[in-house]
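S.K.: Each chain, letter by letter, is given below.
2 protein chains.
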Amino acid sequence: MSAWVLPDHIADVLPSEARSIEELRRDLLDMARSYGYELVMPPLIEHLESLLTGTGEALDLQTFKLVDQLSGRMLGLRADTTPQVARIDAHLLNRRGVTRLCYCGPVLHTRADRPHSTREPLQLGAEIFGHAGLEADLEILLLALDGLKKAQVPGVSVDLADARIVRSLLDGVALEPKALAPLQTALAHKDASALAALTRDFPTPSRDGLMALVGLYGGAAVLDEAARVLPDTPAIAQALSTLRWLAGHLEGTPVTFDLADLRGYAYYSGARFSVFAPGASDALVRGGRYDEVGAVFGRNRPAAGFSLDLKELAAVAGRRPLRAAVRAPWGEATALRNAIAALRKDGDTVVCVLPGHESEVDEFHCDRELVEVSGQWVVKAI
Amino acid sequence: MSAWVLPDHIADVLPSEARSIEELRRDLLDMARSYGYELVMPPLIEHLESLLTGTGEALDLQTFKLVDQLSGRMLGLRADTTPQVARIDAHLLNRRGVTRLCYCGPVLHTRADRPHSTREPLQLGAEIFGHAGLEADLEILLLALDGLKKAQVPGVSVDLADARIVRSLLDGVALEPKALAPLQTALAHKDASALAALTRDFPTPSRDGLMALVGLYGGAAVLDEAARVLPDTPAIAQALSTLRWLAGHLEGTPVTFDLADLRGYAYYSGARFSVFAPGASDALVRGGRYDEVGAVFGRNRPAAGFSLDLKELAAVAGRRPLRAAVRAPWGEATALRNAIAALRKDGDTVVCVLPGHESEVDEFHCDRELVEVSGQWVVKAI
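So the protein lines, in turn, are chains L and P. Reminder that position 127 of the first sequence reads as 127 in this note's numbering, one-by-one numbering, no gaps. Reminder that position 77 of the second sequence reads as 77 in this note's numbering, one-by-one numbering, no gaps.
Where hints are given, some of them may not hold.
Stated by the list, open to error - With a Cα cut of at most 20 Å, we get these calculated EDC-like pairs of lysine to aspartate or glutamate:
(1) K150(L) <-> D346(P)
(2) K345(P) <-> E23(L)
(3) K65(L) <-> D346(P)
Hint data in this document are derived by calculation from the structure and do not stem from the laboratory.
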C-alpha cells in the first residue's frame, strides 16, 4: 500500500477548507468569550478511568486505548471533551459560583458514526457549571444558536428532548444494564414492534408510556399530547414544563420535540437539544443538561453544555471570500523589504516570487503587484 | 489513584494560559498567512509507515502506536507534523511551483524530552516547498523571527548549523546504522573523549574533522576557523558559504554558529537553525532545510521549514492584559437582551449574573455593569 494512503474515515484538511474551519473556530470561540466563557485546553490523552468513569459504554467503545510507557497504565485518547471539562471545573478550578468554560480541539473515534463521517472531529463546545436553573440551559442553547448565526448557517431548527422522561418511565422496571442499549435503539429508530417485544414484561404504565413516546414527535402539540398520555409523575411534569419554557424563549427559530430522542452520550440528565440544518447529515450541535458528570471527580455540580464538530459545520456554513494577495519580487533592497513589511502589517498577504519562479502560475490568488516606479515601491492592480 | 490525576508530563491548560496560547496561535498563523502560507490540517493518526518512513529512529521511539479496529493495521499518533505536510505537498496538492503551507495542532510524544517538558506540545510550523535556493531558507527563518517579535519574546538569538558538514565528514566512513546515534550524542554534548573513542578507527581526515567540530561554536570567527581546519570538500564549502549568507541577512538579531549541532529530527539536509530566548529551557524554534522528506511520497521536492511549541512559547512571550468584562443582570426583557447583544457584537464580554448568584464573587473580572436608568440600559463603571 502506498505511503500516502490514509486510514478509512481519516483525511487531510486542505487549504480552502482549513481556512474556513479556522475562521469558524475564531468566530465561535470569540462568541463564547463574549458570553464570558473562558477557554481551557484539556489533554488529548488521560488515564482511561478518568475519561470513562460514569460516561457509559458508547464512549468506551469509541475510545482508542494506549499503554503509557512511563507508568505501564492504560491511557485513552479522548473521544469527547465534555467529561474532561467537568473534571477541570470539579477539581482544578474548584470555584464556588457559576463557571463558564469553552474548548476547541480534536477528538478521535475508533469507528465512524455514519458512512461518510470522520473519525477525527474537531470538537468545539461550551459548558456552564454551578447553576441548576433553566437560565443556564437557555444560555447554552442561545450561545449555540448565535454561533450558527455567525457561521451563516441557513435554515437552522432546534429539536428538544428531555432525558428525565425515559428515565421516569423506566423507574421501578427491573432492567439489566445490557438491556438498555436495545431499548434506546428501538426508541431512537421509533421501531414500535421492536419496542413492543422489548417491553413485553414491563409494568403496564411503563410499557404504555414507552410505546407512546414513539409517536411523540413534532410541533408544540406534542407537549399537550404527552401530558395527556404519559404517566403523571413529578419528573415527567417537570420535563414537559422545562421543554415548554425553553421553546417559549427561542423566538424566530423553528422548534420541534422528539420525546424518544436518546442519541449521543449517556451522561445527559435533563433537557437536551439538537440543532439541525439542511445539508448536514446529522445534528450540527448537540447539548443539554448533565448534572452528574463531575461526581466522579468529587463534585456533583449542575452542568449544561453543547458541542459541535467544526468540520461538519464548515461543510454547511456560509463561505467568506478569500482576500486576494499582493505579488512582490524577491530582493534585498531595504526599500522593497520595508514596503513588503508595511503591507503585511496592514493585514495584506504579500507573496514573494522567489528567483527562477517568475513564470509559474500563482498558487495563491494575487490581484495586485508590488512594482518599482521611479524609485518608489507601489501597489498596482494586475 | 484519584480519577483526576493526569499521566506524567500531561497537563490541562487553564484559562489564563489558554487565552495566551490562543492569542499567540492567531498571531502566528496570521503572520504566516501574511507571507502567503496556506493553512492545512493533517490528521492526528496515520498508518505508521506513512508517519515514520525515512524520518529516523528518534521519531519512531517518540510515536505512540495503536491498532486500527477497521483495518487491523498499525496506526501512529503523530509526534511531528513536518512529514505529514511534506506528504500533502507531494501527493495531494501536487503543484509545480513554490508551495507555502502552515499548520497548528497537538502532537504526542511517548516520553518527555526534558524533565519538565510536556508530552503534548502544541506544534505550529510553516514549510516552503519547491525552491532549492537560499531565499527559501531565509524566508522561513525571517518568518519565525517575525512571529517571535509579534509574540514579544525578548532577547531572541539564532544559532546556525548545517547538516551537510557532519554528513560530508562521514562520507566514505564504513559506519553501521546503530553507530550513528552515539556519535550524534557525543557531538551534541561536545564530549571530546567519547568522540575520540567512537572515531578511533575512522580515516584520519574524518576523525580530525569530527574532533574539530567539538570546538567550532561561537561567533562569526567560527566560519573562518572551520574553513581552515575542516577538509576542503565541496559540501563543506557550500555549507559554510550558506551559513555566512544567512547570517549576513539577519540584521539586528545576534547569531552564533554551532557546527556540531545535530539535535532534532534526522531529516534535515542543509542549513539548520535554532532560536533561543532567555527563560526557555531549550530552543523555542527549530527549523532548516530537509529536501528529502517528500521522497517516500513519490516527489523529492526541495523543502525548508520551522516548528515551535506554542505552550513553550506562551511561557516566555509577553502577556497582554485581559480586557475586563461587563456584568449584566439576567432578565427576559427585550430591551435588556438587545443591550447585551449590542455590547457583545461590539467585542465586549458580557457576563449574565444568573438568578441566585448575585452575591458571588465574579470569576470573570468585570469593571463595568449594565444597569437600568430611567428605562434605558446603560453601562456604568463598577
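S.K.: Hint by hint, note whether the structure agrees.
M.R.: For each hint, the structure was consulted:
1. Taken as a hint, the K150(L) and D346(P) pair is honoured in the structure, with Cα atoms around 14 Å apart against an allowance of 20 Å.
2. The hinted pair formed by K345(P) and E23(L) meets the criterion: a straight-line CA distance of about 17 Å does not exceed 20 Å.
3. Of the supplied pair hints, the one linking K65(L) and D346(P) is violated, its CA atoms being roughly 45 Å apart against a limit of 20 Å.
The structure shown violates just one earlier hint, number 3.
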